[in-house]
Amino acid sequence: MAFFLQNVINALQWGSFYALIALGYSMVYSILMLFNFTHGDIFMTGTYIGFGVATALVALATALSWSMPGWLLLVLTIIIAMFLTSILGVVVERVGYRPLREAPRASAAITGLMIGIMLEYGNLAILGTQRYNFPSIIETATYDVGGVFLTNKKILIVGVALLLMIALHQFIHKTRWGMAMRAMSYDFQVVPLMGVSLNVIAPMTFAIGSALAAAGGILYGMAYPVLDPFMGILLGWKSFVAAILGGRGSILGAALAGFLLGFIEIFTAMVFPSTFRDLIAYSIILLILTFRPYGFFGQAHSAQLRL
Amino acid sequence: MRKLSTVLVLVFSVMLVMVFISCGKKRETIIKIGINAPITGDIPKVGEGSKFAAQMWLEDIEKAGGLQVGDKKYPVALVIEDNESKAESAVKANTKMITEDGVMVIIGPQSSKQAVPAGGVANDYQTPMISPWSTNPDTTKDRPFVFRACFLDPFQGPVAAKFVKEEFGFTRAAVLYDVASDYPKGLAEFFKKAWEEINGPDSVVAYESFTTKDTDFSSQLTKIKDSGAEFLFTPQYYNEVALIVKQAHELGFNNPIIGSDSWGSAETVSLCGEDCYGLFFSTHYAAAGAQGATKEFIDRYQQKHGYVPDDVAALTWDAIRLAQQAIENTGGLTGDVKKDRIAVRDQLAKIKDFAGITGNMTFTEEGDPIKCAVIVRISDQGEYEFYKQVCP
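So the sequence lines, in the order shown, correspond to chains C and L.
With the numbering used here, letter number 188 in the first sequence gets 319, and the count goes up by one each step, no holes.
With the numbering used here, letter number 89 in the second sequence gets 1219, and the count goes up by one each step, no holes.
Isolated chain C (complex conformation):
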């Protein structure tokens, strides 16, 4: 039982990252009908930005001989990094996607891949090949609950991820901006006629998605503290799978599918030899998609209407 519960905890943590990144894919898709393949690398850049902010804050606190509690440092790091990364998201939209808005979707998707490569190798060129160690902002405390091992970081990761998802949900359903976004996702050719500009909504979507990715990145850095310029690729692809599985454009679907993906991966590794993990995990997902090709919450007709 403890073994099973331990894996549930492992899966919740692992799923949080997929869910947070998948949200970014899903949001951009629902507005622009575009798979933003830069997103995995925005996640990576967000992690590095978080690393830089945390390091700078620690240095600042030391210089001012001001003892900052760990939680405050973490909150500040997350907020500043989310803000900075959202600027990056806006720049990517402005430079990479807006000029191609009338171009075929394939061109825009390829541009996204290209910007991703630029971010990876830009990082490599600027920061060099050295691996960075994400500073441990809060001390790890390990709790033994009847043979199930929890750490304060694991609780924090799942907690913050859920909190962000709820906040996003509230934003989309309770604010005017959120309503504009939903309207835009319904039809981005007619809605602008009613005075909502796509040039406002699209950058906003990118900013929110990137900010979520940055928060995910910081949490990721706390759980897996070795940073790598290429860390976003595989995680990005898999989160993209989660976004598809959840239903293209569905926020709730993306979050749920992210967690589901984490569970499938961890539990196939629990039952089968670990070598078979990805093979079996993604075969299961392929099977699910065979029966639900539009994902859990996706709608078939909306996609056809726009094309």
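Some clues are possibly wrong.
[What the hints assert, rightly or not] In silico contact screen, one side only, chain L against chain C (beta carbon under 10 Å); selected entries:
(1) Lys1175
(2) Ser1339
(3) Lys1343
(4) Asp1344
(5) Leu1351
[Stated by the list, open to error] To give an idea of the chain L side of the interface with chain C (calculated C-beta under 7 Å), a few residues:
(6) Glu1338
(7) Thr1345
(8) Leu1381
[Stated by the list, open to error] Quick list of simulated restraints, FRET-style, between CB atoms:
(9) Phe214/C - Thr1136/L: 52 to 58 Å
(10) Ile1472/L - Thr271/C: 54 to 60 Å
(11) Tyr252/C - Leu1188/L: 27 to 33 Å
To be clear, the hints were calculated from the coordinates, so they are not data collected in a lab.
No residue lacks a Cβ here, since even glycine has one placed at the ideal position from N, Cα and C.
Keeping the supplied structure of chain C fixed, place chain L upon it in accordance with the hints.
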């Protein structure tokens, strides 16, 4: 169409002119040493160590005015190629250095994943290659032109198994390794075999794997903890070591974790921190407490680059000095790089009792040195302490 043909004509004429210019130059024999190292990719610190060691060696040679072979001094040049820590890039790098640059000897690639395929290229082109760090037997097997400067996994696996048995008296082992990389995979297999020979079948209670680039090992480690293993053997590289050890501790696995020579990088401790203190691994040399030429090398390297050189740097230094020795032993170069390569290969195979900074070496038929291994303990200050020596 017209434009295209104009451009083509221009390009060809420029090429022709260049061919004539290069023919006109008088040829001077430069001894070129190729370095095939992972400057970028998964293990960039390994590439950096190789590069720095090679450059230090070049400084020495340049100070002496060149390399004395027979009665003539030859200028020496390094050709450093990045293999990006990928097998296919290592093959490409070797092919380029041999066919285009005309190198006499290749030092590298470091890890077996690159050295095994790249060794095939060197052997096919009859170019001597010395891998400083590759411990997989396939690197040199049936390849007369391929050598190495370190011991092998069939030796290292049992060394680690015997050490754990003698030191702790454990009977149940767990192994966690990267199934997609030649080095951890090979070593995990040799370790398992040796452990089961000592402790009987089924004494490896968990034999778990993952693939390169994975960062979450929680389900594997949960399995390992659940299996009742008394220790974990994980022959991984430094970035994975930090993640594995931390996650193991977070899951409540506080038994010893044992590593192999891939742990010996200068970055292992800086990434892993206090979680790694007190752990053991088998390796080629221990920097703390070194003497003689080894200490000289360590001091010089540290002064220049600001950190203690890891085993890769020391082994690269030995490998390149082995190459130097072999070139000198030829007694004179013909100027035809193809003939010289064969002469160097023959001299390498004859080297006996070479005094390297990582120990004395004599080559076997296969091109593998006979030398000792050391067990290193990571101290509570995060330094690599010599703990024990294990000889064949």
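- Item | Enumerated hints in conflict with the structure, sorted upward | No numbers; nothing is violated.
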